[in-house]
Amino acid sequence: MIFKVFKKEELARLHELLAVNIMVGPVARGNDRNGKPLYDFEVVSDFAELALDYTQTVHSPKRFVLPYRETLSTFTLNPNGWEKQVDLNVRHPLVFFGMHACDINALNKLDLVLAKSTYPNPYYLGKRKNLFILGLSCNPEPQCFCRSMGTDSASHGFDLFLTDLGGKYFAEILSATAFDLLSQISCQEPSSKDHTLYKHLTNEKSKRYTTSVDTSDLTKILDLEFASKAWDYWGEKCLSCGTCANVCPTCYCYGVEEQIDLDLRHAGKTRSLHSCNLIDFAKVAGGHNFRPESATRLKYRYYHKHRGFVEAFEEPLCVGCGRCGAACLADITPPEVIASVRGKM
Amino acid sequence: MGGQLTYLGVPLARPRVGFFELTSCEGCQLQLLNNEATLLDFLNLVEIVNFREGMSERGDNYDIAFVEGSVTRQDEIARLTEIRKNAKVLVALGSCACFGGVNQLKNRFRDLDWVKKEVYGDFPIESMEVHPLADFVQVDLEIYGCPIKKEEVERIVTDLVVGNTVRHPEYPVCMECKANENICLFELGELCLGPVTRAGCDAWCTSNRRGCWGCRGPATVANLKQLEEIMHTYGFDRETILDRLECFGGFASFADTLRDKGKKTPTGRKNP
Ligand code: SF4
Ligand code: SF4
Ligand code: SF4
Ligand code: SF4
Ligand code: SF4
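Here the protein sequences come in this chain order: W and H. In terms of my numbering, the first sequence opens at residue 1 and continues consecutively. In terms of my numbering, the second sequence opens at residue 346 and continues consecutively.
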């Protein structure tokens, strides 16, 4: 890895260089009822709009690579057959300006399934390959348990990662594009003082986590606790609303629907993100539902993330961003659910 | 309109449809005429034999009857029974027809004669307790919403014409609300019935920063017990919740339980 440092004032210049592209970054979205500021990722054109000291965004950056709804193909129907039109909906490269480590890792996890699998998803791949990601260091929030998921720092999946050292940024360069970009602003080699400061900040950050999840032997414990009463407890609270999956940066399940237009001459196929908590998630042709109870559906969400995925890829399908718990109106959070299944509640 | 209707070269019968209204604001029917861009396609798909809102001729020879409105008078029961007899498929169009709709708000009062006097004074008018269609006739298909969402009706009509299974979203409004990346209104200190209300409106209200009033009735899973807890956590009192739950009638039996009073409820109400 190549490291550089540059003065904070240079960041606006960096933004300017990147701004020839469509850019997405964190912006403020007002305050919640307790006065806590809310943030989200939006397309931004002005450097001043960026809220680079943002905490967690309410929604994840997922929609830019995996939209909630996407037309997969359209059809022109005629008496003798049909013509199919496919559009991968890749319009332009996208620059992500200021993504935290958890979300970078979330994209890496999505890659495992949607880009690096036997049958990559071209709609995802097209968008993912056309990203330039500028990562940014963060401060752990009470909801964050990324450290427990091993996703508190990103080692790949970005072009450039900036750590705030106070008056300057410590830059990790991972791509040629990023290297060329930094050569156009005023950068220095990091001094040993910078190294010390970087290490100090990393140590300090570790101390600030207030939430953790014990993952030791978790796959086995989940296996053992398949019939645990804990699932019923959480299932009774669950609204089967799908909010957790929608805000989650790593949930990728979807349903595909075909729809004929009113003129009977056109049709389309649309993919919509779904959630394993929804009542019809495991409903099959003929009407049988394999998971009619909320508790089994909720359990499945945890099994996919913390058991099945771990067995397949040796890492959980969760980056510990805490969004799902924060957004859940029934107050169902992964740290509490997992603790209860482990018998710690 | 049009010649033989075909889909992928396969001839299709153009269903004869009738639109009828009982006690309603006719807003749902108007919604159908509202979409100029697709109106001609819509009219090409079906043969309309009865539509007071859109034409003057009348006919009783229809396959599909779309009935808007709730039942509030004896003569409406007779009309509805007649429509049922003529139609192969009877569709309850909109929340009045499905649940009683806004009209059923008056069922909240114990003394319906008092209500009548408040509204109509001494004008002689018949107005009884409000009922959804299903209290009197078999309803084959319900189209929810106050008003209905025209895109949804167009989809349903297309499905009916080509013979596809008609499906409603089973999940609650939250799913669509989150797909539109709205900040949850509870977080902003506002009340919302989205977590228990059937989706399909594309989170119409919440995407315009107004809490859901549950016009489409309960989702397939409507965890009302948890909703009560949420209301409590976010500091809304029971009357405020009841105002919402009772607005369109879809949550009538739950609201009755919540109100915990011995008032008689109309028969055949949907159990959320
Ligand atoms: S866990 Fe929470 S957010 Fe997820 S479906 Fe259940 S109630 Fe909704
Ligand atoms: S499961 Fe929850 S904590 Fe884990 S990545 Fe998804 S939203 Fe974040
Ligand atoms: S947790 Fe559920 S919704 Fe998310 S990816 Fe897994 S199965 Fe799909
Ligand atoms: S605003 Fe309403 S519909 Fe939207 S997420 Fe919140 S509760 Fe659900
Ligand atoms: S958000 Fe609620 S009240 Fe508004 S249209 Fe949808 S279901 Fe009806």
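Quick caveat, the hints were computed from the structure, so don't treat them as lab data. Note that beta-carbon positions come from the ideal geometry of N, C-alpha and C, so glycine has one too. Misleading hints may appear alongside valid ones.
What the hints assert, rightly or not - Mimicking DSS-like on lysine-lysine, the simulated pairs with C-alpha atoms at most 25 Å apart in a straight line are:
{"hint": "1", "chain 1": "H", "residue 1": "494", "chain 2": "W", "residue 2": "237"}
{"hint": "2", "chain 1": "W", "residue 1": "229", "chain 2": "H", "residue 2": "462"}
{"hint": "3", "chain 1": "W", "residue 1": "207", "chain 2": "W", "residue 2": "220"}
{"hint": "4", "chain 1": "W", "residue 1": "205", "chain 2": "W", "residue 2": "7"}
{"hint": "5", "chain 1": "W", "residue 1": "269", "chain 2": "H", "residue 2": "451"}
{"hint": "6", "chain 1": "W", "residue 1": "269", "chain 2": "H", "residue 2": "570"}
{"hint": "7", "chain 1": "W", "residue 1": "7", "chain 2": "W", "residue 2": "283"}
{"hint": "8", "chain 1": "W", "residue 1": "237", "chain 2": "W", "residue 2": "344"}
To be verified - Partial list, computed: chain W residues near chain H (C-beta under 8 Å):
{"hint": "9", "residue": "94"}
{"hint": "10", "residue": "156"}
{"hint": "11", "residue": "242"}
{"hint": "12", "residue": "264"}
We went through each hint and held it up to the structure:
Proximity of residue 494 of chain H to residue 237 of chain W is assessed by CA-CA distance (about 31 Å); at most 25 Å being required, the pair is judged violated. In summary, the hint linking residue 229 of chain W to residue 462 of chain H is not supported, as the alpha carbons are separated by about 56 Å, beyond the 25 Å threshold. A C-alpha spacing of about 29 Å is found between residue 207 of chain W and residue 220 of chain W, which places the hinted pair above 25 Å, so the restraint is violated. About 22 Å separates the Cα atoms of residue 205 of chain W and residue 7 of chain W, which keeps this hinted pair within 25 Å; it holds.
Straight-line distance between C-alpha atoms of residue 269 of chain W and residue 451 of chain H comes to about 44 Å, which puts the hinted pair past the 25 Å bound. Of the supplied pair hints, the one linking residue 269 of chain W and residue 570 of chain H is violated, its CA atoms being roughly 37 Å apart against a limit of 25 Å. For the suggested pair residue 7 of chain W and residue 283 of chain W, the alpha carbons sit about 56 Å apart, so the restraint of at most 25 Å is broken. A hinted pair counts as satisfied when its Cα atoms are at most 25 Å apart, and residue 237 of chain W with residue 344 of chain W qualifies at roughly 19 Å.
The interface hint given for residue 94 of chain W is broken, as the beta carbon of that residue sits about 16 Å from the closest beta carbon of chain H, more than 8 Å. A cut of 8 Å between beta carbons decides the hint on residue 156 of chain W: the least distance to chain H is about 28 Å, and the hint is violated. The beta carbon of residue 242 of chain W is positioned within 8 Å of a beta carbon in chain H (closest approach about 4 Å), and the interface hint is therefore held. About 5 Å separates the beta-carbon of residue 264 of chain W from the nearest beta-carbon of chain H, less than 8 Å, and the hint is met.
Violated hints, listed in ascending order, are 1, 2, 3, 5, 6, 7, 9, 10; each of the other numbered hints is respected by the structure.
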